[in-house]
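2 protein chains.
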Amino acid sequence: MQVDGQRFLADLHKLRSFGASGVGKGVVRPAYSEADSAARVWLAARMVEAGLRVETDAMGNLFGLAEGPSLLLGSHSDSQPEGGWLDGALGVIAALEVARSADVPVSVVSFQDEEGRFGVTTGSAVWSGQLDLAEADLLLDDSGIPLGQARQVVNDTGNVDPAQFTGFIEMHIEQGPVLDTTAEQIGVVSDIVGIRDMKITFQGQQNHAGTTPMHLRRDAFQAVSDFNHALTERFANVVTPATVWTIGHLSLHPNASSIVPGKAVFSMQWRDGDADRLGRMEQIILTLAQEVAQARGMEVSFGTMLGLEPVKMDARLRQALESSAETLAHGGWRVMPSGALHDATNVSQLMPVAMLFVPSIGGISHAFQEDTAEADLVLGLEVLAGAVAALHR
Amino acid sequence: MQVDGQRFLADLHKLRSFGASGVGKGVVRPAYSEADSAARVWLAARMVEAGLRVETDAMGNLFGLAEGPSLLLGSHSDSQPEGGWLDGALGVIAALEVARSADVPVSVVSFQDEEGRFGVTTGSAVWSGQLDLAEADLLLDDSGIPLGQARQVVNDTGNVDPAQFTGFIEMHIEQGPVLDTTAEQIGVVSDIVGIRDMKITFQGQQNHAGTTPMHLRRDAFQAVSDFNHALTERFANVVTPATVWTIGHLSLHPNASSIVPGKAVFSMQWRDGDADRLGRMEQIILTLAQEVAQARGMEVSFGTMLGLEPVKMDARLRQALESSAETLAHGGWRVMPSGALHDATNVSQLMPVAMLFVPSIGGISHAFQEDTAEADLVLGLEVLAGAVAALHR
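Here the protein sequences line up with chains A and B, keeping their order. With the working numbering, the residue at position 80 of the first sequence is 164, and numbering never jumps. With the working numbering, the residue at position 26 of the second sequence is 110, and numbering never jumps.
FYI, nobody ran anything at the bench for these hints, they're computed from the structure. Some hints here could point you the wrong way.
Just so you know, same-sequence chains aren't split out, so a pair can sit in one copy or run between any two.
Unchecked claim - Here are the computed lysine-lysine pairs in the BS3-like style, where the Cα-Cα straight-line distance is at most 27 Å:
1. Lys283 to Lys109
2. Lys347 to Lys109
3. Lys283 to Lys347
4. Lys109 to Lys98
Work the whole structure out from these sequences, hints included.
Set out below in structure tokens:
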């Protein structure tokens, strides 16, 4: 098959015009917004032109369906509140270009609310049966609007049966700095990492910062600092270079310069492609937090653990992407985990899935500045098309 | 002179009734509130009964003046938004009891806004010339009301000339755990510690917490944690057991569990009785923060340094308190620094000052639970009266 790189880039820029932010190539196209709905109307027309049958389910997931069994390609076309032009959009337009160029049956999807106006990957979570629609309807956005109300703009044409699809491939920007740093053009995803996330609270004693001697303090910030410092050492023999962990949220109480903080609540998040390793890290975290609390005469408590298991990419689909990458990028590609969640995580519950990445300039995403060189975008499209063709040979 | 412990306690409880919070012995009597004004009307009447001439300056500092040169005793009768019954009130009622029992001239003062509805020790700062009234008038409380508007409730009878006072003694609760821990009943203050306080900002790079490998992160929270950990070691050879330092405020940006924090702003406050030591600590802080920023590829910036120099208590007044304490508390007292600021800091610009402390149960202050055993309150009163008598012999 011969994809048309210029047509593909023109459509990517056209999709960007729905919700264009006026700042660089940024877009503001959150799920169910007017810009999002208008973009989906435009996408549906392109699907029809490509000879696909358009269906939209109750969540607003938009499908362009080929006849009979087919490979499903796609991603999402909703954006972050302040998003880039490629996050999700790239996978949808690449799918469209492959579908209209292919002489084999290829279906296209744009999932809804991947970016989490209401949840996280909400549209694909409902479609894959990970989340009940009735439950999803109760999710609220930041302004208190329930999803059930927001999705009334959807023209529901009924459920789309996943049994018609032989597999799912999602092309996406990396959203991280690895490919940009190594100057490679393609990443073939080995697995989507699992995530564990919980809030940890140290409860000490709030005191006057002038009258309380150091040795009589039970300073909750000091406990967080001790914990963080020791955690790096304890993790050293457990983690790989691809493992990440983050304390991204911290709130001290009462958070005043003249008061020894009596309470600290912080987020502890860690990600890895290996479920066993996630579990070993969890044990280290729980044990260490208790040790620190005991050493400083404090109480420690743990919030609900939010967890998503790692997802391995399907060997056959991945092999097709690797062969296509080697043919077209000649050693300028790598196998890598996806540190971010994607719709493919949910879809893996239904069928074999795989993903490929193109570089993000400066590793930047979820920001107006997000961008990728056009040559990399087109190469990614060609690698995807080559893999699809090979899978049908 | 013979003070009356029961009359003193009765008046302390009476003062508590103005703004009594309904929770334990707590009070809600912020500067210029209705409860504060009513309490000052009641205090003025007690001063008149004690044979003192009442004057109130433009700030609302309330004086009960003896004829001719006199020692000035007192503290403040405004409270924290959620305060205890003794913070400030103790020194005012003890002063009243000594003034009405003494056969020597003793004046009484209740300063205004010590607790910082608008500034910090605002009333005594204006009276002592540390702060212009016109400047003070522009200070805003948390709800945006300027001091100039709030003080319109004051019945201004003119300035009170500090030259009539031979010295100032402030009795206060310790507001810390030292005396409660050692089971001593009296603290004679050696000096009021100096304070330095500044905001420090680490500016790194905000990133996705899933897609950014650990070695490519510039995580501002990690910089704060490194800084805090190393600071404890660097201070070890510089500080004394009475030195304190606190990171009480910390705000991460954007403060979300899935985002590597790109920016951290935190408060660094340190206190000591020795100005040289404060300066050595400052150098360590500045140097270390720059080292940490460099090691992690970040920018560091420092906010305005707020500084108050340490204040030594007057040797003669302090000696009178020590002799009186030794007579009445027989070894159950100690010399100690004041880690908290007091009106005496400002008054020291005008005349010799001294302070004495009684224990705070559990070290608790600035809270409804603040309390002191009645025996300790009365002993403190007697030590103060003994010192005043001795100073006139």
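To see whether the hints hold, each was checked on the structure:
1. In the homo-oligomer, the alpha carbons of Lys283 and Lys109 never lie at most 27 Å apart, since the shortest distance is 35 Å inside one protomer and 36 Å across protomers.
2. In this homomeric assembly, Lys347 and Lys109 come within 27 Å of each other (Cα to Cα) only across copies, at 25 Å, whereas the closest approach inside a single copy is 42 Å.
3. For the homomeric pair Lys283 and Lys347, the shortest alpha-carbon distances inside one copy (13 Å) and between copies (20 Å) are both at most 27 Å.
4. For a Cα distance limit of 27 Å, the shortest separation of Lys109 from Lys98 inside one copy, 11 Å, qualifies, whereas the shortest one across copies, 69 Å, does not.
In this structure, the one hint that does not hold is number 1.
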